[in-house]
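Quick note: the sequence shown uses my numbering, first residue -8, plus one each step.
Treat the hints with care, as some may be off.
[Unchecked claim] Listed next, the in silico DSS-like pairs over lysine-lysine satisfying Cα-Cα at most 30 Å (straight line):
| no. | residue 1 | residue 2 |
| --- | --- | --- |
| 1 | Lys408 | Lys55 |
| 2 | Lys268 | Lys313 |
| 3 | Lys418 | Lys428 |
| 4 | Lys200 | Lys240 |
| 5 | Lys428 | Lys376 |
| 6 | Lys200 | Lys126 |
| 7 | Lys68 | Lys479 |
| 8 | Lys268 | Lys309 |
| 9 | Lys68 | Lys119 |
| 10 | Lys479 | Lys422 |
| 11 | Lys281 | Lys304 |
| 12 | Lys211 | Lys200 |
| 13 | Lys313 | Lys225 |
| 14 | Lys275 | Lys304 |
| 15 | Lys466 | Lys422 |
| 16 | Lys293 | Lys422 |
| 17 | Lys309 | Lys193 |
| 18 | Lys143 | Lys211 |
| 19 | Lys211 | Lys479 |
| 20 | Lys428 | Lys211 |
| 21 | Lys418 | Lys281 |
| 22 | Lys514 | Lys448 |
| 23 | Lys521 | Lys211 |
| 24 | Lys428 | Lys504 |
| 25 | Lys68 | Lys143 |
| 26 | Lys49 | Lys521 |
| 27 | Lys143 | Lys193 |
| 28 | Lys422 | Lys408 |
| 29 | Lys225 | Lys105 |
| 30 | Lys105 | Lys82 |
| 31 | Lys26 | Lys240 |
| 32 | Lys126 | Lys211 |
| 33 | Lys428 | Lys275 |
| 34 | Lys371 | Lys418 |
| 35 | Lys479 | Lys466 |
| 36 | Lys16 | Lys82 |
| 37 | Lys479 | Lys517 |
| 38 | Lys55 | Lys16 |
Because the hints were derived from the structure by calculation, they are not lab data. What you are looking at is a predicted structure, and each value in this text was computed from that prediction instead of being measured.
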Amino acid sequence: MRIKFLPALLVAFSAMLLLASCGKKSNTQGRYIPKDAVFVAHLNGASLTEKLPWDEVKANNAFKMAYTDSSIDAIAKAAMENPENTGVDIKTDMVFFVVKDSAGGYAAFQGKVKDAAKFKSYYTTALKNATASEKDGIQFLTDGRVAVSWDKDKFIMLSDLPEMNQVKELEKRDIWDTTYTKPTFTSTRNTVTAATALYTLKEDNSLAKEERFSQMINDKGDLHFWMNVESLYKGMPGMEALAMINMSKLYEDSRYAATASFENGQIKVDMKSYAGKEMTDIYKKYSGSKVSSEMAEHLPAKDIAVFFAMNFKPEGIKEFIKLTGMEGLVNMGTAFLGFNMDDFIKANKGDILLAVSDFAVDSFGRPNPKVLFSASIGDKASFDKLMAAGVKMGKAEMGENVAYQKNDKYFVIGNDKTANDQFINGKGGSKPAFWDKISGGPIAGYVNLQVILNAMKGEIGRDSFGLRTLQASQKFWNDIILSGGEFKDGGIVQHVEINLLDKTTNSLKQLNKYIDELAVIEKQKKESYKYTDVDAMFPPVMDSVAVAPVAP
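Work out the full structure, taking the sequences as your base and the hints as a guide.
Set out below in C-alpha cells:
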C-alpha cells in the first residue's frame, strides 16, 4: 500500500520544491544588514585571496613601506603579517555598509570569526582602553564611538558617524556670516545597542529578502556594490522645498547594483539601476534601441580619446517632466525663448554623439583636442526654433573657436570647422575600430587611455619622476569600454570593461604590481627632495636699488 502511493508522494514533493524555487530570491550575505542601508560593499574573500594571495601583497613595496613605518605598532603589524592573526576568516564573505538616520549614521563591517579566542585576544590588545561586556552570547569591546562585537560565528565592527549630519548644518549656514564656526559633532550613539540591533535584526527588515540585492549577490564576482538612492535622499535638507515639483518620484524605490570581477587582462563591471513603478514604466516604454552606426561612420577623427553615443525616445523626456510636475515651469521658460516642449520633442530624433580626439599640443605643452557633438534632427521647423533660441541666448558665449552647422539630418557643433563639415557631408570614413565592442544597445562609450596618457606627456614628463610614472601607466592601462542601456528584468543594465595591456595575467595581480612600481617611484622622489639644496635651486633675488656708500 505504501509502495502504491510512493510515486504520488514523490511528485507532490517535487512540485513543492519547484514552487519554492520559483518564490522570492533570498540571500545570506544581507541577513544582518538593515534594508534601508545607504551603501553596501560585499567582498568575496574566497575569490579575492585566490587571485591575489597575501604573500604577493606583502611583497609589494607600498606594503613594505607601511610595515616599516615607525608609527605602526606591533599589534597592527601582526595583522599585516597575516590577517588571520586577528581571528577573522578572510576567505569568506565580508560586508561593509553605511546606515543613515536622525543621529547622523553609522558604518559597520561584518564577517566570519575563524578563531574566537584569537579574535578576542587581538582586539582586546588593540583596543587598550575598551570596556568589555557580554549579553545574550554576544561579546562587546567598546571604546568611544567604536564597538567591536562577536558571537561564536560572526563579528560586527561598528563606528558611529555623527558627521553625516553635517549636510543639515551646511543648509543653516549663511555664507556671508564671517562669525560662523564649524560645528563639533559629538558621538551620542550607544554602539552596543546599535550592534545588538543588528544581531537581532528581523529577516524581513534586512536585505536578505530584497530580491534585487539577492540577484546582485548571486551574480558571480569578486566585489558587489549596492546603493539605496531612496535612503540617501530621503530626509536630505532642501528636499522639502522641492516637494511641490515631485522630486521624490526620481528616487522613490531607486536602487543601484554593481558586480566587479578581476579577469585576465581586464576588470569587468556589470551595473543595474532600478527605479520606482512610475519611473520604471517610463523606462520600459521609452528606452532607446541602438546607437546610430551612421553617425559613427560620419566621424572624421583619427585618434579618438573619448567617445559617447546614445539613442533615446524623445517622448520619454516629456513624460519624465510631467511626472516631476515641472511641465508648467518648463513651458514658461521655453515660451520666453520662442518654442515649447512639443517643439523640443519633435526637433530631436533621438540620437546624440560626442567625440574628443586628435590631441595637438599648444605652445605651452598643454594638450588641445578636437571636440565634436552631434544630434540627429527630427522635425526641421521645430529644430529651427531651437536654433533661434540658441542664438537668442548668445552665440558669443560659446567662444570664437566654436562653430556649428546642420543639414536635414544632423546638427553638429565643435571647435574644428573642417571636422564639422566632414561630419555633415558624410566624409568621415569608416566606423571606429572599437565600434563592434560597444554597439548594439542604447548607450555606447569608449575611452582610449593610451591616447590620453600620450597627450599628457608634455606636462607630466617635465621631471624624471613624472615621466617614470607616466611610462608605468602607459605600460599598464589600455582602454575602457561602455555598452548597454537596455531595460531588462526590471532595471537598466550597463557593462563596463577596463582593459589592460597585459592580456594574460589577472588584473588584480597586475594592479598589485602597478601600485608596487608607483610606490618605488614615489619613495625615490621623496628621497631626492630630502637631499635637494633648496637655496641652490632658488638663489636670492639681488636688490636692484643702488645704495650710496656711507661717508666716513
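Quick rundown of the hints versus the structure:
no.: 1; hint: Lys408 / Lys55; result: violated (54 Å)
no.: 2; hint: Lys268 / Lys313; result: holds (15 Å)
no.: 3; hint: Lys418 / Lys428; result: holds (23 Å)
no.: 4; hint: Lys200 / Lys240; result: holds (24 Å)
no.: 5; hint: Lys428 / Lys376; result: violated (37 Å)
no.: 6; hint: Lys200 / Lys126; result: holds (27 Å)
no.: 7; hint: Lys68 / Lys479; result: violated (47 Å)
no.: 8; hint: Lys268 / Lys309; result: holds (17 Å)
no.: 9; hint: Lys68 / Lys119; result: holds (16 Å)
no.: 10; hint: Lys479 / Lys422; result: holds (28 Å)
no.: 11; hint: Lys281 / Lys304; result: holds (11 Å)
no.: 12; hint: Lys211 / Lys200; result: holds (19 Å)
no.: 13; hint: Lys313 / Lys225; result: holds (21 Å)
no.: 14; hint: Lys275 / Lys304; result: holds (11 Å)
no.: 15; hint: Lys466 / Lys422; result: holds (27 Å)
no.: 16; hint: Lys293 / Lys422; result: holds (11 Å)
no.: 17; hint: Lys309 / Lys193; result: violated (42 Å)
no.: 18; hint: Lys143 / Lys211; result: holds (28 Å)
no.: 19; hint: Lys211 / Lys479; result: holds (18 Å)
no.: 20; hint: Lys428 / Lys211; result: holds (22 Å)
no.: 21; hint: Lys418 / Lys281; result: holds (22 Å)
no.: 22; hint: Lys514 / Lys448; result: holds (22 Å)
no.: 23; hint: Lys521 / Lys211; result: violated (48 Å)
no.: 24; hint: Lys428 / Lys504; result: holds (28 Å)
no.: 25; hint: Lys68 / Lys143; result: holds (25 Å)
no.: 26; hint: Lys49 / Lys521; result: holds (27 Å)
no.: 27; hint: Lys143 / Lys193; result: holds (19 Å)
no.: 28; hint: Lys422 / Lys408; result: holds (20 Å)
no.: 29; hint: Lys225 / Lys105; result: violated (38 Å)
no.: 30; hint: Lys105 / Lys82; result: holds (10 Å)
no.: 31; hint: Lys26 / Lys240; result: holds (20 Å)
no.: 32; hint: Lys126 / Lys211; result: violated (37 Å)
no.: 33; hint: Lys428 / Lys275; result: holds (24 Å)
no.: 34; hint: Lys371 / Lys418; result: holds (22 Å)
no.: 35; hint: Lys479 / Lys466; result: violated (37 Å)
no.: 36; hint: Lys16 / Lys82; result: holds (24 Å)
no.: 37; hint: Lys479 / Lys517; result: violated (51 Å)
no.: 38; hint: Lys55 / Lys16; result: violated (44 Å)
Going down the numbered hints, you'll see the structure goes against 1, 5, 7, 17, 23, 29, 32, 35, 37 and 38, while the others check out.
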